[in-house]
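**Q** Each step along the sequence shown adds one to the number in our numbering, with nothing skipped, and position 420 is 420.
Rather than coming from a laboratory, the hints here were simulated on the basis of the structure.
All of these numbers come straight from a predicted model, not from anything done at the bench.
Every residue, glycine too, gets a C-beta built ideally from N, C-alpha and C.
There could be a bad hint or two in this list.
Unchecked claim - Computed list of lysine-lysine pairs in PhoX-like fashion (alpha-carbon distance at most 25 Å, straight line):
| # | residue 1 | residue 2 |
| --- | --- | --- |
| 1 | Lys561 | Lys586 |
| 2 | Lys597 | Lys323 |
| 3 | Lys122 | Lys558 |
| 4 | Lys365 | Lys323 |
| 5 | Lys406 | Lys459 |
| 6 | Lys365 | Lys212 |
Stated by the list, open to error - Pair ranges (Cβ atoms, derived):
| # | residue 1 | residue 2 | range |
| --- | --- | --- | --- |
| 7 | Glu409 | Gly488 | 26 to 34 Å |
| 8 | Glu487 | Glu387 | 30 to 38 Å |
| 9 | Ala554 | Asn197 | 28 to 36 Å |
| 10 | Glu387 | Leu59 | 54 to 62 Å |
| 11 | Thr259 | Pro572 | 32 to 40 Å |
| 12 | Thr259 | Glu487 | 54 to 62 Å |
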Amino acid sequence: SLNLPSPSLQIDTGGKSIHSYWIFNQPISPEQWRTLQTDLLEYSDGDRSLKNPSRVMRLAGCFHFAPNNVPNEISQIILNSGQRYSYDQMRSLIPQRQQAEVQTPNLPLLTDDVPLYQCLSKGDRALIDGGAPQGERNSKGAALARNLIGTAARLTHLGHRFAREPRALFDEYCSCCSPPLDAREAETIWKSATKDNPTATLTDEALENCIKSWQRQSRVDSQQAPVNGSKKQSVTGDSPQNGDSSNPFTSDITATVTTVTQILQAGLTDYEETQRLELLLRNNTVTKTAFNQIVSSVRSQLDDVQPSDEIRLDNLINWHNAKLDFNQALPSMAADLLHDAEILNIEPIVIWQPLMAAVLSLVGKRLKLNVESHSVPAIAWTATVLESGGGKSRADSLVLAPLKRKQLEARKSYEAQVEAHKHWKEGDSEECPSYPVERKYMFEIATIQAVIKRLSEQKDNGVLWARDELAGLFKSFGQFGKGGENEGLECLLKLWDGAPAQVDRVSQGDGFIVEETALSLTGGIQPGMFRKIFKDPEDSQGMLARFLVAKANALMPKRVKGYCRLAEKLPPFYDWLENCPMGVVKLSKSADAYYTKLCQLIGQQAWATTQPAIRAW
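Build the full structure now, drawing on both the sequences and the hints.
**A** Put into structure tokens, the structure is as follows:
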């Protein structure tokens, strides 16, 4: 009834449709194809979303899965005539749209199909774009597959059509991995994911927000597409000449947006950022007004808090129900940390708590996090709440053994220098060398006065105070005494944020002052003792607020064979940290927006509570 020639190829999709293809005898431009395809869909009342030349169609010999993961029949070729047609022949048979319609600017075509990619979390999109390294490919691939399948099913349930099949995006991830996942391994991961009752990463509200954001951006992109009225343009876009096939203005804007985004994401200082933007404008064909609009638009997008960030904020604020996802928080070390936790038969957080404090103690005063209003020192006070026999000592042995070896070596070096100093004789050198100072990596049993004295000798180095049982530390400060107040404890609390410390003695020469401190603290404590120590509901001294507390569960005793990977990797890592260069760490645009939102929400909750302890925490 359409008076079209017999298709070159027809494929039964195994569902409810048959795809017909007319194959050309000569290549044509994408613009010619897009215009002709659009006219064909209007003429045949077909699916108007099939206007993307890059769209992946059904592949003969393969199954297509419905959103509920139920496979349709296998796709198969039902006609293969071998016929080829010229562009002019098909153009003459397919009616063109009305003149008034085709004279509109050649804008990007919008469809009702939201890209499935746009409905994923930032982490999932990063995996699709960049893959994962060896050792993480399977675990991250499995999580991504579940999220893809669950998101596709949820979009269908909500009544939204989407572009790109979940499996196609998963295959992109597999090809981007280093090394790429082979087809058999990818198929195994995918099949396993389909059986795990997968759900969407984002909530329904977040998905709706993603769709609205994509639709708004699509409209903005369409409105900003340039119209070259001074040049001759083809009326229908099906001319092989250069009229519409390569619009230099569109290319310039696209390239400008990409470069502006890279500059704004680079974490530059204000003057460096301004200089690079001005240099880009001088060497650009885009007008200054359009350029400023691009910068403003990109900056606004980078400063937005994404729906996935809102979900992470909710999870973070509900801290008592949260577990740290090491694959997200520490991707470079997650596989080793999880492996060693299994070998030691403990929860991974039991390793993480002393590890974080140890790492920051080695960084010392060399690095600070600049959040503009103030700088955050490399200091962490961590406490692991765990029953006796839960494995805290095993984790400490793994994490702290390299530090203890460093301390033993430093002590031997110090003793040798002291001995040399004793035997110095006048005339051996021009002047008597200064009395040697021991490099301190760790404190275990020490008084607060001794700790402050040693800190004053460490220059840019930090020190870790590690106690297997924090109860012993607090007991030494008289925390169990009447009133719970003690001068030593007050001195310790002042060191939490790297504040200066001063000790005065009767003899002026015995006193000393530390301009800046870097003392990290870690240890374990049993639940009953935790309640006894932190019994003040108002936390009047702010002691509990200074600790990062993790409640770990003891695992059923069992024997696990194997060796800890971190035992070999931590020593060289610690060496590197100890010699890292001086510098300042700044938040990226997206991280800064996330941090601002986090402070705002937690601040609102703190302001609303009547408990001083909760407000401080």
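**Q** Please work out if Lys122 and Lys558 have their alpha carbons no farther apart than 25 Å.
**A** 38 Å, violated
**Q** Honestly, do Ala554 and Asn197 meet the 28 to 36 Å range at C-beta?
**A** About 30 Å separates the Cβ atoms of Ala554 and Asn197, which means 28 to 36 Å holds.
**Q** CA of Lys365 to CA of Lys212, is that 25 Å or under?
**A** It is violated: about 46 Å lies between the C-alpha atoms, which goes past 25 Å.
**Q** Range first: 54 to 62 Å. Now tell me if the beta carbons of Thr259 and Glu487 are that far apart.
**A** The hint (54 to 62 Å, Cβ to Cβ) holds, given that Thr259 and Glu487 are roughly 59 Å apart.
**Q** Is the gap between the beta carbons of Thr259 and Pro572 within 32 to 40 Å?
**A** 38 Å, holds
**Q** Mind checking the alpha carbons of Lys365 and Lys323 for me, to see if they're no more than 25 Å apart?
**A** 30 Å, violated
**Q** For the range 54 to 62 Å, tell me whether the beta carbons of Glu387 and Leu59 fit it or not.
**A** The hinted range 54 to 62 Å holds for Glu387 and Leu59, with Cβ atoms some 56 Å apart.
**Q** Given the hint that Lys597 pairs with Lys323, test it: the Cα-Cα distance must not exceed 25 Å.
**A** 21 Å, holds
**Q** Sort out whether Lys586 lies within 25 Å of Lys561, counting only the CA atoms.
**A** 42 Å, violated
**Q** Is 30 to 38 Å a correct range for the gap between the Cβ atoms of Glu487 and Glu387?
**A** 32 Å, holds
**Q** Honestly, do Glu409 and Gly488 meet the 26 to 34 Å range at C-beta?
**A** 30 Å, holds
**Q** Between Lys406 and Lys459, does the CA-CA distance stay at or below 25 Å?
**A** 17 Å, holds
Hints 1, 3, 4 and 6 from the earlier list are contradicted by this structure; the remaining hints agree with it.
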